[in-house]
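Engineer: One line per chain: the protein sequences are D and S, in this order. Numbering of the first sequence is given in my numbering, commencing with residue 1 and proceeding in unit increments. Numbering of the second sequence is given in my numbering, commencing with residue 1 and proceeding in unit increments.
No lab work stands behind these hints: they were computed from the structure. Misleading hints may appear alongside valid ones.
[Claimed, not checked] Quick list of in silico lysine to any residue cross-link-like pairs, SDA-like style, CA-CA up to 20 angstroms:
| hint | chain 1 | residue 1 | chain 2 | residue 2 |
| --- | --- | --- | --- | --- |
| 1 | S | K82 | D | K72 |
| 2 | D | K97 | S | P94 |
| 3 | D | K72 | S | K88 |
| 4 | D | K132 | S | P94 |
| 5 | D | K53 | S | L193 |
| 6 | D | K153 | S | P94 |
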Amino acid sequence: MIVEVEGLRKEFGNLVAVDGVSFSIGEGEVFGLLGPNGAGKTTTLHMLATLLKPSGGTARINGFDVLKQPAKVRKSIGMVFQEPSSDDLLTGYENLKLHALLYGVPANVRKKRIEEVLNLVGLWDRRGDLVKHYSGGMRRRLEIARGLLHSPKVLFLDEPTLGLDPQTREHIWEYVEKLVAEQKLSIIITTHYMDEADRLCDRIAIVDHGKIVVLDTPENLKRTLGGDIIKLEIESPNVKAVESLPYVKKVEAQGSTLYLTVTDARSHIQEVLSLVGKVGGVELHPPSLDDVFMHYTGREFKEEGEEGGFWERAMTASERR
Amino acid sequence: MSELSGLYALWERELKIYLRERSRIVSSAINPLLWLFVFGGGLGSEFSVGSVNYQTFIYPGIIAMTVIFSSIFYGAYVVWDKRLDFLKEVLVAPIARSTAFLGKVLGGVTDGVIQATIMLVLAPIFGIPAGLGFALVYVVLFVLVVGLVSIGLIIGSMMESPEGFGLLSSFVTFPLFFLSGALFPLSNLPPWLSIVTFGNPVTYGVDAIRGLMLGTYKFGLLVDLPVLVGFDLAVLAVGTISFRRMKL
């Protein structure tokens, strides 16, 4: 196991930000911490990166204890922060060189490594431009390249696509997938985007109020719901008629919308429709992580305002000096 | 090894940024010249200090002023690094916090020494002969700037906002400048105030620079330099601690 976390806790005064979190990550695995803003994901990540001292519990990365051997832990990890953290008055290349020197990358491989990682994220041609002339997505990619530069065992991606537009997000995902295929390293991703976790992660821990609610592969998580989701727009639903059907696992009414969890929904939808009454609209989808989140927390996954979003930060950053 | 290369990397970054922001260099040269002409020339036409005219007398003081203001203000860049989150990149790197602090100090010292150089190059124009003493002036300036930059960085490490930094740093900067003998001979001050000036490290810097340039010491180099070195050691120690305690 490349990452071993046991009973990790962090308290800020009276607030318990991380409440006894345990998990372990194997080599080459992509692990997701998924949860709403303020669930304690970033705090967990910062403790693993030795930027915050845990209030309790232990964590080992690459066999090194985060409390006892912080320098070795730092060498073992690559960190891509939620906020842009490159210097915008330096060029992309200079930012990477600075990083290489800070991490003691030997001089004889430095140039080669920088070229490799810049090519990996498709920024080699823009290496001589000041970072302030980069777009938000390019900056993100540069920071991913930077995180990889010193050949870490584990890469931490803290909300890698927060505040980016859909096209750029898609791009970043492709780069991460390429990384996984080519670099054979473990990755921890924190995200509050369900689709991101679903697409990138081998295993997902759903985090809520500082605790891991459930931890499994995306497929297993969805399978635990025991069926597909049928969403019906309906004025006066005949709930009783469908409730008693053997293949209907769960019925939930929200206003004029009825949510049914149904095993093998494709072959049963006709019968459901004939029993339930006059229907205004039908939607059938395999369970998404949204449904999983609702199932385990009893709450809908609300996207709160993205305070401190990537762009906002990038904007304030460019106004400095 | 990575501590050394890290130190070099941090210093190189500061230097590059400094050289890329020409406005910083230009403004740092214009302000002291204004002081010299307006204050030194305007007021100085009326009187002289001892045998030297006033403009010449305050020249070393204005050099000290340049480095006081630029060095302390340099601490604001820590606040910017925090806002920019660049600081996280440095703090998560496998280097000691003391290295992060020293890298910043070296960067600030380079800025300060470059600015002082501009002033020293201009000195002959104001009738101050350039001599062998100038090499020693550099030593004194270096020692003085190390301490001042550290003070700036300590303030920067404590503050969250540039506004807060501005407020606290001006609270420190003005007494350091006005109570240092940069603009007037300290012997004219009331006794209680001269005690305050003795406690101001910049006083010894000004005394040493003035002595080397104009030949008029109050304490002498043998007092000035040890005091400044002691001051450096103290603030470097405090600075390392404050960087260690700094929150993200």
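Engineer: Run every hint past the structure and note whether it holds.
Structural biologist: Checked hints:
1. S/K82 with D/K72: violated (24 angstroms)
2. D/K97 with S/P94: Holds, at roughly 15 angstroms.
3. D/K72 with S/K88: Status holds; Cα separation ~17 angstroms.
4. D/K132 with S/P94: violated (26 angstroms)
5. D/K53 with S/L193: violated (47 angstroms)
6. D/K153 with S/P94: Holds - the C-alpha atoms of S/P94 and D/K153 are around 14 angstroms apart, at most 20 angstroms.
The structure does not agree with the numbered hints 1, 4, 5 stated previously, though it agrees with the rest.
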